[in-house]
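The working numbering puts the first residue of the sequence shown at 1, with every later residue one more than the last.
In short, the hints are calculated from the structure, not lab data. Don't take each hint at face value.
To be verified - Derived DSBU-like pairs: lysine-lysine, alpha-carbon spacing no greater than 35 Å straight-line:
no., residue 1, residue 2
1, Lys204, Lys221
2, Lys246, Lys202
3, Lys11, Lys202
4, Lys113, Lys194
5, Lys81, Lys246
Unchecked claim - Label-pair restraints from in silico Cβ distances:
no., residue 1, residue 2, range
6, Arg219, His46, 50 to 56 Å
7, Gly235, Asp34, 17 to 23 Å
8, Ala239, Pro112, 26 to 32 Å
9, Gly134, Arg245, 51 to 57 Å
10, Arg201, Cys248, 42 to 48 Å
11, Arg206, Tyr127, 46 to 52 Å
12, Asp34, Asn250, 40 to 46 Å
13, Cys248, Ala74, 22 to 28 Å
14, Pro77, Asp163, 19 to 25 Å
Every residue, glycine too, gets a C-beta built ideally from N, C-alpha and C.
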Amino acid sequence: MFGRRFWENRKNNKILLGAILTFSDLTVAELIGDCGLDFAWIDAEHAPHTIEKVQQHLIALRATGCAGFVRVRANDPMLIKPYLDLAPDAVIVPMVNTPEAAEAAVAACRYPKTGIRGCGVRRATRYGADDFPGYVRRSETEPMVIIQIEHIDAVRNLDRILDVKGIGSICVGPCDLSGSMGILNQMDNPELNKVLDEICRKVKARGIMLGTAAGDFPRWKARGVDYFAGISDWGAVAAGLRAFRKECENA
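Kindly produce the complete structure, drawing on both the sequences and the hints.
Okay, here's the thing in structure tokens:
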């Protein structure tokens with residue numbers, strides 16, 4: 001794995017902090033890493049990233065020791081495959097609502113005999129600098145497969161989803177989950193928070209890494225999250241600009 005800071009801090013039981021990367025400028029990836037964050041969540045689901053830009057972000061992150069997570073657009077092996085060959089530290093698969101879908105996501109990220117991934121090695125072996133048998137052994141657990149639980153159907157199936165072998169982490173998506181419950185973005189809704197608490201209890205009881213990318217950090221810390229992507233590039237810029245304008249207007 002290239003994201004050494006993430007895994008070192010994970011061993012030291014620190015809550016891992018990250019930022020969501022939506023801008024195309026490679027400076028943003030480098031900035032996230034140089035600011036000491038543990039991982040960058042490169043959003044290829046909602047942001048207008050080309051696959052070339054995703055690769056460039058991963059290259060920029062590598063020099064900083066910051067891990068690169070790529071969220072793909074859908075749980076489709078043909079969509080996931082080209083991102084795997086870019087050697088991300090993790091692949092985030094959205095909207096996984098059944099154990100069968102979780103099995104498919106894991107299989108898409110693993111070579112035969114355990115999976116269906118096609119072999120087109122480049123960056124993951126450092127362009128041939130690493131021996132292939134060693135790479136194959138690493139590929140049994142790398143990249144980490146992160147399953148997003150972000151629909152009430154997934155909550156209903158959570159126990160069976162957590163039985164699926166090969167899941168490296170569960171990432172909770174509270175906004176889409178709230179939408180599936182008919183209470184879109186009502187983050188203080190008691191029923192939503194009851195469900196979020198339930199998800200976190202079950203994931204932690206299984207010893208599976210738990211994360212999220214939204215919400216109030218103290219509340220998620222109390223729930224036991226292992227990683228938290230609580231800021232986005234556009235959000236940080238917008239907050240800085242608004243703070244600047246307010247400071248000047250009040251001077």
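Going through the hints against the structure:
1. Lys204 - Lys221: 12 Å, holds
2. Lys246 - Lys202: 43 Å, violated
3. Lys11 - Lys202: 22 Å, holds
4. Lys113 - Lys194: 40 Å, violated
5. Lys81 - Lys246: 46 Å, violated
6. Arg219 - His46: 50 to 56 Å: 23 Å, violated
7. Gly235 - Asp34: 17 to 23 Å: Check passed, 19 Å falls within 17 to 23 Å.
8. Ala239 - Pro112: 26 to 32 Å: Hint violated: Cβ distance 47 Å, outside 26 to 32 Å.
9. Gly134 - Arg245: 51 to 57 Å: 53 Å Cβ-Cβ, so the 51 to 57 Å window holds.
10. Arg201 - Cys248: 42 to 48 Å: Distance hint for Arg201, Cys248 holds at roughly 46 Å.
11. Arg206 - Tyr127: 46 to 52 Å: Given a distance of about 37 Å, which is not inside 46 to 52 Å, the answer is violated.
12. Asp34 - Asn250: 40 to 46 Å: 31 Å, violated
13. Cys248 - Ala74: 22 to 28 Å: For Cys248 and Ala74 the Cβ distance comes to about 44 Å; the hint is violated.
14. Pro77 - Asp163: 19 to 25 Å: For Pro77 and Asp163 the Cβ distance comes to about 21 Å; the hint holds.
Of the numbered hints stated above, those contradicted by the structure are hints 2, 4, 5, 6, 8, 11, 12, 13, listed in ascending order.
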